[in-house]
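Just so you know, the protein sequences line up as chains F and S, in that order. Going letter by letter, the first sequence gives residues 1 to 361 in the numbering used here. Going letter by letter, the second sequence gives residues 1001 to 1361 in the numbering used here.
Warning: the hint list may mix true and false statements.
To be verified - Chain F regions said to be covered by chain S (calculated; three or more residues, Cβ under 8 Å):
| # | region |
| --- | --- |
| 1 | 72 to 82 |
| 2 | 112 to 119 |
| 3 | 152 to 161 |
What the hints assert, rightly or not - Quick partial rundown of chain S residues pointing at chain F, CB under 10 Å, derived from the structure:
| # | residue |
| --- | --- |
| 4 | 1079 |
| 5 | 1082 |
| 6 | 1083 |
| 7 | 1085 |
| 8 | 1086 |
| 9 | 1087 |
| 10 | 1092 |
| 11 | 1110 |
| 12 | 1114 |
| 13 | 1115 |
| 14 | 1117 |
| 15 | 1141 |
| 16 | 1151 |
| 17 | 1153 |
| 18 | 1323 |
| 19 | 1328 |
Keep in mind the hints are simulated off the structure, nothing from the lab. Glycine included, each C-beta is placed from N, C-alpha and C at the ideal position.
Chain residues, written in single-letter form:
Protein chains: 2
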Amino acid sequence: MTQCTVQLGDRAYPIEIAAGLLGQTACFDVLADRPRLLLTDQNLARLHLPRLQATLSLPDDSCLIIPPGELQKSWDQAERLFDALLARRFARDGVLLTLGGGVIGDLGGFVAALYQRGIDFLQIPTTLLAQVDSSVGGKTAVNHPRGKNMIGAFHQPIAVVADLDTLKTLPPRELRAGVAEVIKYGLLGDAAFFAWLETHLDALLALDPAITAQTIAHCCQMKARIVAEDEREAVGGGVRALLNLGHTFGHAIETFTGYTEWLHGEAVATGMVMAADCSARLGWITPDIATRARDLIARAGLPVKPPAGMTVEGFKDLMGHDKKVAKGQLRLVLLRGLGAAVLTADFDPAALDATLAAAVA
Amino acid sequence: MTQCTVQLGDRAYPIEIAAGLLGQTACFDVLADRPRLLLTDQNLARLHLPRLQATLSLPDDSCLIIPPGELQKSWDQAERLFDALLARRFARDGVLLTLGGGVIGDLGGFVAALYQRGIDFLQIPTTLLAQVDSSVGGKTAVNHPRGKNMIGAFHQPIAVVADLDTLKTLPPRELRAGVAEVIKYGLLGDAAFFAWLETHLDALLALDPAITAQTIAHCCQMKARIVAEDEREAVGGGVRALLNLGHTFGHAIETFTGYTEWLHGEAVATGMVMAADCSARLGWITPDIATRARDLIARAGLPVKPPAGMTVEGFKDLMGHDKKVAKGQLRLVLLRGLGAAVLTADFDPAALDATLAAAVA
Chain F
1 MTQCTVQLGD RAYPIEIAAG LLGQTACFDV LADRPRLLLT DQNLARLHLP RLQATLSLPD
61 DSCLIIPPGE LQKSWDQAER LFDALLARRF ARDGVLLTLG GGVIGDLGGF VAALYQRGID
121 FLQIPTTLLA QVDSSVGGKT AVNHPRGKNM IGAFHQPIAV VADLDTLKTL PPRELRAGVA
181 EVIKYGLLGD AAFFAWLETH LDALLALDPA ITAQTIAHCC QMKARIVAED EREAVGGGVR
241 ALLNLGHTFG HAIETFTGYT EWLHGEAVAT GMVMAADCSA RLGWITPDIA TRARDLIARA
301 GLPVKPPAGM TVEGFKDLMG HDKKVAKGQL RLVLLRGLGA AVLTADFDPA ALDATLAAAV
361 A
Chain S
1001 MTQCTVQLGD RAYPIEIAAG LLGQTACFDV LADRPRLLLT DQNLARLHLP RLQATLSLPD
1061 DSCLIIPPGE LQKSWDQAER LFDALLARRF ARDGVLLTLG GGVIGDLGGF VAALYQRGID
1121 FLQIPTTLLA QVDSSVGGKT AVNHPRGKNM IGAFHQPIAV VADLDTLKTL PPRELRAGVA
1181 EVIKYGLLGD AAFFAWLETH LDALLALDPA ITAQTIAHCC QMKARIVAED EREAVGGGVR
1241 ALLNLGHTFG HAIETFTGYT EWLHGEAVAT GMVMAADCSA RLGWITPDIA TRARDLIARA
1301 GLPVKPPAGM TVEGFKDLMG HDKKVAKGQL RLVLLRGLGA AVLTADFDPA ALDATLAAAV
1361 A
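Please take these sequences and the hints and turn them into a complete structure.
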């Protein structure tokens, strides 16, 4: 088993990574005899819940099961969950467990952050995307019709338990969406890891056990380091903002498509292609690096162009809602090299226009 | 001008207390040239907004004005405010100002805590209750039909500006409700201050300038000290929980009356009478202290009995939702002496039953 730690002083927590963890009580020792409720969706309840219930001796009425899908990450669904917790008289000493991908983790973390002004929660991510990214770092949120993740809180879990076996039941499209975030770590901060991925992409897509474990551990270590340095994503632009490579473009795509047609990782994939394209047009990276980024993303079976119907103006309007806007200026995470991302508002807007025009052509 | 500081490391902030502050730019220097929006209600907009707009050069479309009343402290109203902020493309570098009493401060702070995962806010409390209690310490929340303040966050303001002139426009009933929280500080932790209040209550109710300033500064200093010691109200029962003297009984009254008939301070007043009564029945304080508490609360024109129609069972059911419940056990803030409150589950339930029976008789 691999374990890494997110170093956040008195809120430090472990990330456990191995196959078979849902069947092992040891990694849930942190729960002791505290009251617990579990949040998951209907798909995961079918696939993994019985095993986890047996491990944790969790009765059915301690499991909150919601429909699957990004539309559940809503203000309204959060309200229904508060009602469910209050109806069960769940108290501040309880722990909320979240079994699922990014939607369940973000929504459950959000509910835990706000319920009675904050209760503990434990993340059990079941998708590659959640295991390498969204379950680590304490970002929780729900979506707003005007923008993704616009309402949220920073609330760190007490532990993350990533069971590699859960990836075997992922639909291939979701696995690829997770690979997008894996590629992101290479592009933004680790050229050697990017090159390693160019070699091992097929093994990762085939879920080769050793390659998968190595990939997830490497990404979690990178994320843990970044989060420890800049827990709350400093407004001036701390290192954590670099994790949003591709996200400003990607969020515009997700908003345009109503959060339903594109997976988050797919939108980020196209967003990274666009960020690399813009960086190349600015002369900040060589065209060769932008091509390598696009090629690896395409090889992973991910989209490299935004959906039909998006326009340059539509993109810019949706990007104007981004959380990285400061003093009315759009800031983007762009590349100054392979593995060298920067957050900046200091770029020639003509390059962005050209990237958008080429992308929607 | 009196200034005290809430000592919270890199989140430390000043509380400014004086008459006339709404007309002075100096105490708003912290805003610099940052974007700002102001939240207030229709009553306060009429009474104080023009003056503040002039001081801050705040245009009308930067003011969000909602109806007055506790019913606005809702999940739905928070959602409408998020929509208003997003429609204005308010960014993470902005500051939300809240001009109002506890409802505006709690709601505005809640919105600031969650908007784009947290933006800065500045509290301008306009009621005695908000100036001595709710504006200091970073507790933000909205109500839930099943319980008051059940959904919330800890989010510290960047400054608190308490203009004593705003108290002159308070309805007498609201002033008295604020006096309840003032009495609370004496009862829970400062016998000398309680005795001082017995002497100066009439001057405070008449808003004698020196007595009022002294009262508010004293309460803010007590609260700042308690918050610095236990910012997030430790689940095990830190010192901050003592500020909830009277609140478990009081929240039950507020929930029973639908948050509309009783003011928060009125419910807390009756709750403190009941907490003192229960403490006396347990033999933890002399009957004389319970009588002094009841007498001072009655002299302030505050209710000392719950509303008609409440029953012992109804009380216990509503109290079971309290945030201080742990391991299924009801915990209460009770008195071990005048100025010596404790949070405890270790009391004879027969005493509580007797208190409830006597109160609803």
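TODO: List in ascending order the numbers of the hints, as given earlier, that are violated by the structure.
DONE: none
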